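Just need the whole structure built from these sequences, with the hints factored in.
Protein chains: 4
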Amino acid sequence: MNIGIIGFGYWGTNLVRNFAALKEVNVKYVADIRKEREAGLKKLCPTAQFVTSPDIILNDNEIDAVVIATPVHTHYNFALKALNNDKHVLLEKPMVSGTVEAITLIELAEKKNKVLMVDHTFLYTGSVQKMKSLITKGEIGNIKYFDSTRINLGLFQPDVNVLWDLAPHDISILNYLIKEKPFSLNANGVSHTNNGIENIAYIIVNYSSGLIAHFSCSWSSPVKIRMMLIGGDKKMIVFNDIEPTEKIKVYDTGYEHKTDEDKKNILVDYRTGDIFTPKLDQKEALSLMAADFISSIMNNTKPVSDFISGLEVIKILEASQESIKNKGKEVLIK
Amino acid sequence: MNIGIIGFGYWGTNLVRNFAALKEVNVKYVADIRKEREAGLKKLCPTAQFVTSPDIILNDNEIDAVVIATPVHTHYNFALKALNNDKHVLLEKPMVSGTVEAITLIELAEKKNKVLMVDHTFLYTGSVQKMKSLITKGEIGNIKYFDSTRINLGLFQPDVNVLWDLAPHDISILNYLIKEKPFSLNANGVSHTNNGIENIAYIIVNYSSGLIAHFSCSWSSPVKIRMMLIGGDKKMIVFNDIEPTEKIKVYDTGYEHKTDEDKKNILVDYRTGDIFTPKLDQKEALSLMAADFISSIMNNTKPVSDFISGLEVIKILEASQESIKNKGKEVLIK
Amino acid sequence: MNIGIIGFGYWGTNLVRNFAALKEVNVKYVADIRKEREAGLKKLCPTAQFVTSPDIILNDNEIDAVVIATPVHTHYNFALKALNNDKHVLLEKPMVSGTVEAITLIELAEKKNKVLMVDHTFLYTGSVQKMKSLITKGEIGNIKYFDSTRINLGLFQPDVNVLWDLAPHDISILNYLIKEKPFSLNANGVSHTNNGIENIAYIIVNYSSGLIAHFSCSWSSPVKIRMMLIGGDKKMIVFNDIEPTEKIKVYDTGYEHKTDEDKKNILVDYRTGDIFTPKLDQKEALSLMAADFISSIMNNTKPVSDFISGLEVIKILEASQESIKNKGKEVLIK
Amino acid sequence: MNIGIIGFGYWGTNLVRNFAALKEVNVKYVADIRKEREAGLKKLCPTAQFVTSPDIILNDNEIDAVVIATPVHTHYNFALKALNNDKHVLLEKPMVSGTVEAITLIELAEKKNKVLMVDHTFLYTGSVQKMKSLITKGEIGNIKYFDSTRINLGLFQPDVNVLWDLAPHDISILNYLIKEKPFSLNANGVSHTNNGIENIAYIIVNYSSGLIAHFSCSWSSPVKIRMMLIGGDKKMIVFNDIEPTEKIKVYDTGYEHKTDEDKKNILVDYRTGDIFTPKLDQKEALSLMAADFISSIMNNTKPVSDFISGLEVIKILEASQESIKNKGKEVLIK
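Quick note, the sequences are listed as chains A, B, C and D, same order.
187 is the number that our numbering gives to position 187 of the first sequence; each next residue is one higher, with no gaps.
135 is the number that our numbering gives to position 135 of the second sequence; each next residue is one higher, with no gaps.
77 is the number that our numbering gives to position 77 of the third sequence; each next residue is one higher, with no gaps.
178 is the number that our numbering gives to position 178 of the fourth sequence; each next residue is one higher, with no gaps.
Copies of the same chain are indistinguishable here, so a pair counts whether it falls within one copy or spans any two.
When the alpha-carbon atoms are kept at most 30 angstroms apart in a straight line, the in silico DSSO-like pairs for lysine-lysine are as follows: (1) K114 - K334; (2) K224 - K283; (3) K28 - K111; (4) K283 - K258; (5) K224 - K132; (6) K130 - K181; (7) K112 - K334; (8) K42 - K23.
Derived by calculation from the structure, the hints in this document are not laboratory data.
Computed from a predicted structure; not experimentally measured.
Structure representation (structure tokens):
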């Protein structure tokens, strides 16, 4: 299978390395407008052809699939042309800049019967796979809250805010682990650069069941924190991605309430117990993601990180933008 | 000086121990409706008289000052009576249940020329005093964000939500460290006990200057986190209260933006540098708080944790309640 | 039962508090040569009589048992007199200053049919009890190594070195967890105070089976470390006593060797797996120790921390002293 | 400058990558007896020639310098031949298998006026350079102890014990930071693989001044620890190499003793103060080491990690082996 990769920046480099390592794949082209990136490609993958025009890839009939790792505002047009030219498409996260664009692409992909996939790499990590397995088996119980913090002294993006940059990781994990659809959200943020692009922002996602999800994202923290708390009514999970190996801890911890009839009070019972730190699969997530894309094309199956996952992330990002503009007002998620 | 303490629960016990240790103070009475608490008092402070009726304290002309450590909804009436009877008053946090009550008490205390103080114990810790000193000296620069997390598997309170229980600590620190007055806030929360009392809640406080403050409070976390990030435009502070000794770290870290004229982009420069972990004063904060109350009475001075501090906390709690009821809508702080 | 406690310093205070709380016990006397300590006793336990002469306790026929919490060089004479006067004896760790003294006391206690116990408090902690249970059930397998670090910026003792001060904790745990008797040891240390009293010292204990135990003790570390690694051929334990709750972690980790016949090499296979952090009993160890002493007297049973445990600790301390004097030479443990 | 690299295993790969990146260097050959390694070299450095016989490198007159990254028992013969053929030599750590071999090579290198260097990579890390700078400036004072722990579940080596494998890192750091020459050592260890190769071992190094150094090395720990404590009489350093960024902490902590004349006791005063966590140079140490080798050749200067450093490590390893054989007996270091 011949593929072309558009965008040869930091992440594009990782994509080339991982796709080139798959035996079913020939990386025919890599496109980047920065001509000076060619030398790096020659070292990394001498058999791939460097081009500065993405159209060479999009118009080549030998190309089966296109991988798009360019700034998000360019995703839609590249993906549209690729699908129209009957190519399978893998988009970097976030999928596109809005839900209308996402839905247009999805409908086109379904019409053309092509794979349209979004690279939510985190879904392929041993950590997320282990949490998915624990939740699916019912060990955690009904999820009552989900709280994610992703902060560090980060690369301020010039075109998208901190939520569009960092939150897709966490939102895609939320959607992957929890089946219930969110009802609404509130978001707040602040820009310290006077360009209106938020460098610190928070989202709260509300669910009809009483589940609450909270996201804290910042490019402005002196310390790097990558932590997720997931509370079920049976057990609770702490996912600390900074830990080198002990990333997932499962706490046999809970609380139950009952009504005290006389006093009309709610009485809450606590339970704390053992902690279990499962061994995690150490395979490189990006390599598994690349293989899933290729396998979905060859076997005509749905990838783990499919277009629905991509769309759901965009819905939340778009709604969060509207909420921030409206000073934290509740915005429904359709 | 004769004092009476109303409420002999967990915190009341600490108050009795600390006031009894002050040489200027005679703890004449301790009141608690639970008669069975008397034995505990006999052990802790044999010279104090145990009474079940607070009125004995409030009506005794020999009593100079009253310390009130009862459930918050009872604070107002006890304090009102104490002030009317010309006694100085120390209230446990949070001060009272609403701003109208707080203002009434403050006006009465000023009229009567009595000390009215709220026990925001954290202001007396070595950690907060060190942060205050660093900020006052200008070492941190202008504060751009304040982010506090206070979560654990906590005692669900039957009468107040998690914000009224936990956030007074963090809000009082915020107000102590930062002079700018908050403009508005948004708050969200969820109750998992079906009594409408939130066990998980978040507040975002907005300031005209672009400063943002964020509070995350939970009684439902399997892990205990007590962390505050304070970002200035010169340096940043991490206050980790779980650490036994290295609680405060000062990061010589920052970011600056400038406009790239040609590209109309904002360019951001980062700076990371040394970290400084100052030695902290180890004195017990509650003992310093008690001494400040007594000293304020004797010297007719303002305590560190004065009624303004108490009122500001109540304003934010009250506004947060309104915002939660209105699904996260922005609420102005008057 | 009437008991007397000799020595009312830091630890003696804890002992008084815990024995006074036992309903079977009347703390009749507390002895300390420092008259000024009397006021503290009156606050802590008003019913106990303060005396400056231990002989009042040792000669009083109403006293059933004596608790000795004085400097170690005084233990032997107090215990000898107490046993001769038909009293049960609890000695603070380390038991006495040498094995000859220890054996004399043990023989006397057996002749008199009195309980002679040493306060190795750690044996009563939830952590050690959990490790004991795991090892006894065979979950860890055969123990291959035991490595303990106990360092901090500590109170330099004027009369005993850092091993006599700190290592009894770790040696008593070693002896409690592992049945095999040690064969020999090597010890090294250094004194930075020119009084010949080592403030940093190390012991290596050798066993016939190939088990090795290592102890690192220091009063001169800027950081406090309380860590024990116990490696079995099935699983391994890390006991980190600084952690507030997650003190014990059980690693499903191991290595196996087999001979590669052709190459005459040893091939080693590794196994890493899940980690299990058991919930620990939170009861105060000192209170359980006190109760065990009383229960052993009343039921004529052996306490967990019996005189054999005390003697084994003294044997290792004495041998370590000889090894240090002989520049680390191997010393047999009889 | 033409260089040849002998040994293309894990570390050889890193060496090829780093030397190939230096503009003054042409990696002409890479030798490895495992023919199947050739493909890896083609990818990494297509301009280098793969050979299975080291003699091709050692006999080629165009080769200026040889880098030897083979098992330690082969180092001596390769280096001897290289020096005799007038080539500069860089040896992987540990330098050779014994002091006699080391001295022979050193004398030959001096006679031939060639650079003979040992790759103690750690000396080039930002961490070690920062500690060196602090100690040289006198900020730490006179060093009183040095304590290093390097343990993990490691690759059991088939030919050398855990000390020869892991301790060269720590011993080279010790010798680099501290000028005083060690006087003697004691070492103990145990083999759990029945081939007599120790997988757990400890060294204590004694100095005339009262300085003590302690090394704990293990291939059998469930947790990875890389920690060094260095105590001076002014300040103390903790070097925790597991920390991603805050590796070095400088504690303003100390203790001083004075004699209490009356009581003939030593009184010790403690001091704890601020902690300073300096920013460290992030450059890759191996790249700096490679550059130092080339620069030493071109400028005829001494590299940081010179043959004296290599010899001193071998002296301690050899003495530790003798001490282990003699059951921990003190062995003088000549």
